[in-house]
Structures are given as structure tokens and as C-alpha cells.
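Participant: Sequence:
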Amino acid sequence: MPHGWIILDKPHRLGSTQGVAAVKRNLREAGYGKKVKVGHGGTLDPLATGILPIAVGEATKLTGRMLDASKTYAFTVRFGEETDTLDLEGEVVSRSDVVPTREQVSAVLPRFTGPIEQVPPAYSALKVDGERAYDLARAGQEVALKSRAVTIHALSLCDPGGEAAQEATFLAHVSKGTYIRSLARDIARALDSCGTVTMLRRVKAGPFDLSHAISLDKLNEIGKGAPLEQILLPLEVGLDDIPAIDLGPEQARAVRQGRVLTGLPHEDGLHWAREGLVPVALMELSGGEARVVRGFNLSDVAE
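With this note's numbering applied, the sequence shown corresponds to residues -11 to 291, in that order.
The hints are simulated quantities; they were obtained by calculation from the structure and are not laboratory data. For glycine and all other residues, C-beta sits at the position ideal for the given N, C-alpha and C. Errors might be hidden in some of the hints.
[Stated by the list, open to error] Only pairs whose alpha carbons sit at most 30 Å apart, straight line, appear in this in silico BS3-like list of lysine-lysine:
no., residue 1, residue 2
1, Lys12, Lys212
2, Lys206, Lys23
3, Lys134, Lys206
4, Lys164, Lys12
[What the hints assert, rightly or not] With beta-carbon atoms standing in for the labels, derived distance ranges:
no., residue 1, residue 2, range
5, Val96, Asp229, 28 to 34 Å
6, Glu277, Lys134, 54 to 60 Å
7, Asp56, Pro253, 25 to 31 Å
8, Arg241, Tyr122, 38 to 44 Å
9, Lys115, Glu155, 30 to 36 Å
10, Glu119, Ala214, 39 to 45 Å
11, Glu277, Glu119, 40 to 46 Å
12, Glu277, Glu79, 54 to 60 Å
Work the whole structure out from these sequences, hints included.
Facilitator: Below is the structure:
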């Protein structure tokens, strides 16, 4: 049974659930059967491209953690028009003749760095009275979403220069829950203009970046007989951003039974425990005591 991560470089117009379905289909065609668990670590708009972490087997226990991870995006804003969807899929709802210079764009970016409040796009998957916001918007209803707190860890202009230009490309490292389309809208409005996202690419999600990613064509080779090992990353790669605890056989047995470990010299916080090279559990440490958050059923690998 395979366990680990397939990092798909999601192509334009492929939905996240379609990406998961493609992994399931290729694993099934490769002979792994229908019982392999598969899930994604955070949706990506169909019009966006880039990093889509897809968990396989026991790695699916980490998808919630991946959803909470920070993400990094490259995106391009076209000034002068704003659509109802805030991207190229929608209808133009406002226009402006103002085209800011690069100095003007750079000058407003500190206002959008750090903790900020933003209103999500009306065309989003958030629910309003039990209905998806985008369903209400498509039905012609006015959608009023509340502002939410997010954090922009870093925001930079990728093509600095003095001349005004119709488009500008940015790189943003953002917290969970950040909408890049809203960020683009608000930057443009702060410049007394309006804007629409014309390109959106996720270049990093948690510990995964484009160096880990494979194309859809490469994924499809698995269904045609290529070894899964060529594209499957180990489960622990998804834990590279937190410290590890090395366990002896008795400690590992105790953790697999869900028992609390005491007297550990490690710092408080989230850790992952391993026996040799085999992940055993995700654990929370406090005051020298470690409690299991999620256990991994990988003892068969150790044997």
C-alpha cells in the first residue's frame, strides 16, 4: 500500500477534485486497487496553476495540517478593469483610466503586509446561510461577506521600475484563508484604480515547492506502468518544517498504543516521532510530556 505525497503542478482549468481523481485513476490502473486513500492538501482555483499537494495512504492524516499551512503565490494584476469574479472568468463591473507607476505600486505594499483584514470575493466557496457564495452570486443575488483577519507574511513586486504599465506581477507569502483575488482588488483600489487577476500560480504550499512538483503527463505515466517511486514523496517530507523525535523500540511501541511519553528534553510544540526512518506519530509536547495528535499505521514498513 503506497503512503506519501504526489505534488501535482496543477494545469490551468483543472479542478482540485479532478486532480485527486486523476491520482486515484492512475493508482488504480497501476494495480493498487480502489482502497488507497487519496486527498488534497488545499484547493486551488481551476484558473490557477501550481502546487497541489495530494496525499496518499497514511499521508491523508496530514491534509488538515497542510490546509493550515502558509502558501506562496505569484500573481499578475491588470489595472484598469475589475470583474465580478476578480479574475478573467467574470464580467467587467468597473473601469478606471488610472495606471500606477511601479514606484506608486511599491509604496502601497507595506499597507498590505502583516496582519490585515480582507473581504473575500463574492465568487468563493464560503457559505452564506448554508449556500456557497459563488452559487448565490451566479444566481444574481447580492453577496455580502464579512471581512476576515489574515496575515501577509511577505509581499513584493516582481518587476520593479519607474514606468507605468498596465500589468504588474507580485509574489506573496500568505496565511491560511487569504484570497489573492481580494488582495489584488484591494491593492488596485488603494492606487485609485481597479484591477483583475490575469495570472495566479501557487509556487509553494507548506514545505512543498515547485522542485517537488510533477506535471499531469508525468502523473499519467504511472497508470501506464512507470514506477510509482518516481513521483511519490515519503510521508515525512510533509513534516520537514517541524522537528523530529527519535524513539527507541519501547517508546515507539508506547506511542503506537497512544500512551503519553514523559521526561523528554525537547521544546514545547508540535513534533513528529520516528523509529529509525519510519514515522510513528505527530505529537504535541508540553512540559516534557508528548501526546499523540495523529498516529501513522506504518509499522508494517518497519518490519
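Participant: Please go over all the hints and tell whether each is borne out by the structure.
Facilitator: How the hints compare with the structure:
1. Distance restraint check for Lys12 and Lys212: the Cα-Cα separation of roughly 13 Å lies within the 30 Å cut-off, and the hinted pair is therefore satisfied.
2. Distance check on the hinted pair: Lys206 and Lys23 sit about 23 Å apart at the alpha-carbon level, within 30 Å; holds.
3. Proposed proximity of Lys134 and Lys206 is contradicted: the alpha carbons are some 41 Å apart, above 30 Å.
4. The hinted pair formed by Lys164 and Lys12 meets the criterion: a straight-line CA distance of about 26 Å does not exceed 30 Å.
5. Between Val96 and Asp229, the C-beta spacing of about 31 Å keeps the proposed range 28 to 34 Å intact.
6. Taken as a hint, the range 54 to 60 Å is violated for the pair Glu277 and Lys134, whose Cβ atoms sit roughly 39 Å apart.
7. Range check, Asp56 to Pro253: about 27 Å between beta-carbon atoms, so the 25 to 31 Å window is met.
8. About 49 Å separates the C-beta atoms of Arg241 and Tyr122, a value inconsistent with the hinted range of 38 to 44 Å.
9. At about 33 Å, the CB distance of Lys115 to Glu155 agrees with the hint of 30 to 36 Å.
10. Between Glu119 and Ala214 the beta carbons are some 43 Å apart, a value that agrees with the proposed interval 39 to 45 Å.
11. The hint said 40 to 46 Å for the Cβ distance between Glu277 and Glu119, and at roughly 44 Å that hint holds.
12. The beta-carbon spacing between Glu277 and Glu79, approximately 57 Å, falls within the hinted interval of 54 to 60 Å.
Checked against the numbered hints above, the structure breaks hints 3, 6, 8 and satisfies the rest.
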